[in-house]
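Work the whole structure out from these sequences, hints included.
Okay, here's what each chain looks like letter by letter:
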Amino acid sequence: MLAALIIVFREVFEAGLIIGIVLAVTRTVPGRNRWIGGGLVAGIAGACIVAMFAGGLSHLFAGMGQEVFNAAILSIAVVMLTWHNVWMARHGRELAGDMRAMGQAVAEGSKSLLALAVVVAVAVLREGSEVVLFLYGVLASGGDSAWSVTLGGLAGLALGAVVCALTYLGLLRIPMRALFGTTTVLIALLAAGMAAQAVAFLMQANWLTALDTVAWDSGWLLSDSSFVGRALHTLVGYTDQPTVMQLAVYLAVLAVTFVLMRIFSLPDSSAARA
Amino acid sequence: MPISANVFKCAAIAVAVSAVLSFETTAQAQKPGEIEISYQDKKFTPVEVSIPANTAVTFRVKNLSAKAMEFESKPLKIEKVIAAKSEAIINVRPQKAGEYKFVDEFNEDVAIGKVIVK
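One line per chain: the protein sequences are A and B, in this order.
Start counting the first sequence at 109; every next residue gets the next number (the working numbering).
Start counting the second sequence at 11; every next residue gets the next number (the working numbering).
Residues of chain A placed beyond 12 Å of chain B at every Cβ, according to the derived structure:
hint, residue
1, L262
2, L362
3, F372
Per the computed footprint, the stretches of chain B lying under chain A, defined by three or more beta-carbons under 8 Å from a beta-carbon of chain A, are:
hint, segment
4, 68-78
5, 90-97
A partial selection of chain A residues facing chain B, derived with a Cβ cut-off under 8 Å:
hint, residue
6, A111
7, G163
8, S166
9, G171
10, Q174
11, L241
12, G245
13, S249
14, Q312
15, A313
16, N314
17, D320
Calculated from the structure, these hints are not laboratory results.
All C-beta atoms, glycine included, are put in the ideal place defined by N, C-alpha and C.
Take a look at the structure:
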């Protein structure tokens, strides 16, 4: 039961962190619960579908279907997160500012919510499909242990929800003014980390073999299979043995986000509001 | 002249077709650098795999059990779900000499194997 709890918790941990951040980011946007909830449901449904077709998926692209699929959905999430940040650079002030401006931003806001709902769906789908496969395997084989494993799995899920709630409540303690800056940085790092993860999958598929030397090994300092290492892996893309390509893509995503936010932000938005 | 040109054309097509066919067959058959690992009852066979250093190899992992498993090796940067009664191709990038652990993530406390690179 404990083993099942740990396995399930490890998988839902990442999704919990991401949903917590997304909830905090969107807390002033009306109708966000519907969108985030929709993303969650879509992610769970997707996870079941992926689990069902896990065998078939692997056989695509000369046996590399799973890697390519993971890289593709991670890339979608990277684009959505970056787009959200750029959108926020333009409209964030309206949402943070007076409530009257928010009415106009609602229609626009739902676009940003769609992007974040997709991010939630991707996070749930990736981690969820493994949970589904694991629990299905246990239940299908039956036996006395099936129920205790299921119970452990459910406890793991509940703990994941706790992580989500703690992340959300933790971020809410940050004052509104600082929250935008904090979440912008968090989301940019999240996107860069996901991009580096996508690179790892493409390397695993042998689709990307350039610059595959390990840049450094900080496993002695912080292993990425430790609890803190895992949390940092999700939040900022920490890897104890990143390749040069991963590092390059990571920095490129941060640079592109920064440049796009500069280009699309309204330089005189405070004047326009007054 | 037209006859010899035709012959040449046919020969060219034959070469092209046989090249494609041979490519197909090598893609399916076991390649020289390919190592087979099977998995059943939470055990890998062989449990230790030796590979040469600085050489890319492929593992063909056969999951013979009735449950899905996840072949995972943090040090080798591999994680791949393998459905029940199914097999998967895993690319191993060139590695330095040493020992690298791999597990079935769903049974990581018992289902352990290692790759010895030398």
